[in-house]
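Chains as they are written, first to last, in this note's numbering: chain U, 6 to 118; chain Z, 99 to 207.
Please keep in mind that the hints were generated in silico from the structure rather than gathered at the bench.
It cannot be assumed that every hint is accurate.
In silico EDC-like links for lysine to aspartate or glutamate, alpha-carbon gap of 20 Å or less [to be verified]: (1) Z:166 <-> Z:180; (2) U:46 <-> Z:180; (3) U:46 <-> Z:137; (4) Z:155 <-> Z:180; (5) Z:140 <-> Z:168; (6) U:25 <-> U:68; (7) U:46 <-> U:105; (8) Z:140 <-> U:93; (9) U:19 <-> U:92; (10) Z:157 <-> Z:180; (11) Z:155 <-> U:105; (12) Z:157 <-> U:105; (13) Z:167 <-> Z:180; (14) Z:140 <-> Z:179; (15) U:46 <-> Z:143; (16) Z:140 <-> Z:154; (17) Z:199 <-> Z:107; (18) Z:199 <-> U:27; (19) U:46 <-> Z:154; (20) Z:199 <-> Z:168; (21) U:19 <-> U:32; (22) Z:140 <-> Z:113; (23) Z:199 <-> Z:153; (24) Z:140 <-> U:68.
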Amino acid sequence: GAVVSQHPSWVICKSGTSVKIECRSLDFQATTMFWYRQFPKQSLMLMATSNEGSKATYEQGVEKDKFLINHASLTLSTLTVTSAHPEDSSFYICSALPQETQYFGPGTRLLVL
Amino acid sequence: EDQVTQSPEALRLQEGESSSLNCSYTVSGLRGLFWYRQDPGKGPEFLFTLYSAGEEKEKERLKATLTKKESFLHITAPKPEDSATYLCAVQQAGTALIFGKGTTLSVSS
């Protein structure tokens with residue numbers, strides 16, 4: 006199957022700082038990537054769809070000015086959590102779509118103190 | 099409202115004790131139904147895609163089936179390493195997935 010990586014796997018930051026998470030497709034090109042958030046014992050919730058070379062599409066209720074997405078190349082999408090607060094602490098997972106199936110990265114655990 | 103419901107929420111099995119997980123869905127224009135396995139602290143790992151009622155797919159001890167309203171993930175003679183959360187997701191027009199809450203399976207030896 007296709008391989009998707011994320012970096013970092015863990016991040017702890019102070020409230021008010023910004024955090025950038027990278028999502029890379031390692032063995033295929035992805036014009037579309039997705040960003041999900043997962044709270045403990047909850048399912049994955051789609052935050053936004055990232056399209057290479059164009060603006061991301063955000064789901065209802067997701068603040069686009071807080072969660073900045075940049076899909077600058079066919080193998081890299083980044084999610085920046087701006088002015089992070091404790092309620093942003095969560096597990097962030099990206100996925101990419103080589104064909105019909107979404108393959109997921111290993112996730113990034115964010116803890117905002 | 100489009101919905102994906104998985105049951106049971108948690109399932110405990112003895113090694114070798116076969117069982118089934120259920121995923122029922124109410125979405126219009128189903129393009130595909132996906133099963134993923136998720137281990138704690140990790141991203142989902144792709145297992146199967148089913149596209150039409152009557153379709154079945156197998157992989158080792160797992161078998162997925164699909165009807166017009168639900169999908170089953172059958173686990174035959176499970177082993178402790180099958181312990182994980184199994185997620186069901188449906189895809190409508192476009193590419194976004196709608197996930198269920200998952201079934202957490204624990205297999206003890």
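Hint-by-hint comparison with the structure:
1. Z:166 <-> Z:180: violated (27 Å)
2. U:46 <-> Z:180: The given pair, whose Cα atoms are some 19 Å apart, holds under the 20 Å limit.
3. U:46 <-> Z:137: Answer holds: residue 46 of chain U to residue 137 of chain Z is near 12 Å, not above 20 Å.
4. Z:155 <-> Z:180: Holds: residue 155 of chain Z and residue 180 of chain Z sit about 17 Å apart, inside 20 Å.
5. Z:140 <-> Z:168: Judged against 20 Å, a Cα distance of about 26 Å means the pair is violated.
6. U:25 <-> U:68: holds (16 Å)
7. U:46 <-> U:105: violated (27 Å)
8. Z:140 <-> U:93: Since the Cα atoms of residue 140 of chain Z and residue 93 of chain U sit roughly 18 Å apart, the hinted pair holds (cutoff 20 Å).
9. U:19 <-> U:92: Given that 20 Å is the threshold and the Cα spacing comes to 12 Å, the pair holds.
10. Z:157 <-> Z:180: Holds, because 12 Å separates the two Cα atoms, which is no more than 20 Å.
11. Z:155 <-> U:105: Cα-Cα ~16 Å, so holds.
12. Z:157 <-> U:105: holds (19 Å)
13. Z:167 <-> Z:180: Outside the cut-off at roughly 26 Å; violated.
14. Z:140 <-> Z:179: Cα-Cα ~15 Å, so holds.
15. U:46 <-> Z:143: Holds - the C-alpha atoms of residue 143 of chain Z and residue 46 of chain U are around 17 Å apart, at most 20 Å.
16. Z:140 <-> Z:154: Violated. Residue 140 of chain Z to residue 154 of chain Z sits at ~27 Å, over the 20 Å cutoff.
17. Z:199 <-> Z:107: holds (8 Å)
18. Z:199 <-> U:27: It is violated: about 26 Å lies between the C-alpha atoms, which goes past 20 Å.
19. U:46 <-> Z:154: The given pair, whose Cα atoms are some 29 Å apart, is violated under the 20 Å limit.
20. Z:199 <-> Z:168: holds (15 Å)
21. U:19 <-> U:32: violated (35 Å)
22. Z:140 <-> Z:113: Given pair residue 140 of chain Z, residue 113 of chain Z is violated - Cα atoms ~24 Å apart, limit 20 Å.
23. Z:199 <-> Z:153: Violated, at roughly 23 Å.
24. Z:140 <-> U:68: violated (25 Å)
Taken one by one, the earlier hints fail for this structure at numbers 1, 5, 7, 13, 16, 18, 19, 21, 22, 23 and 24, listed in ascending order.
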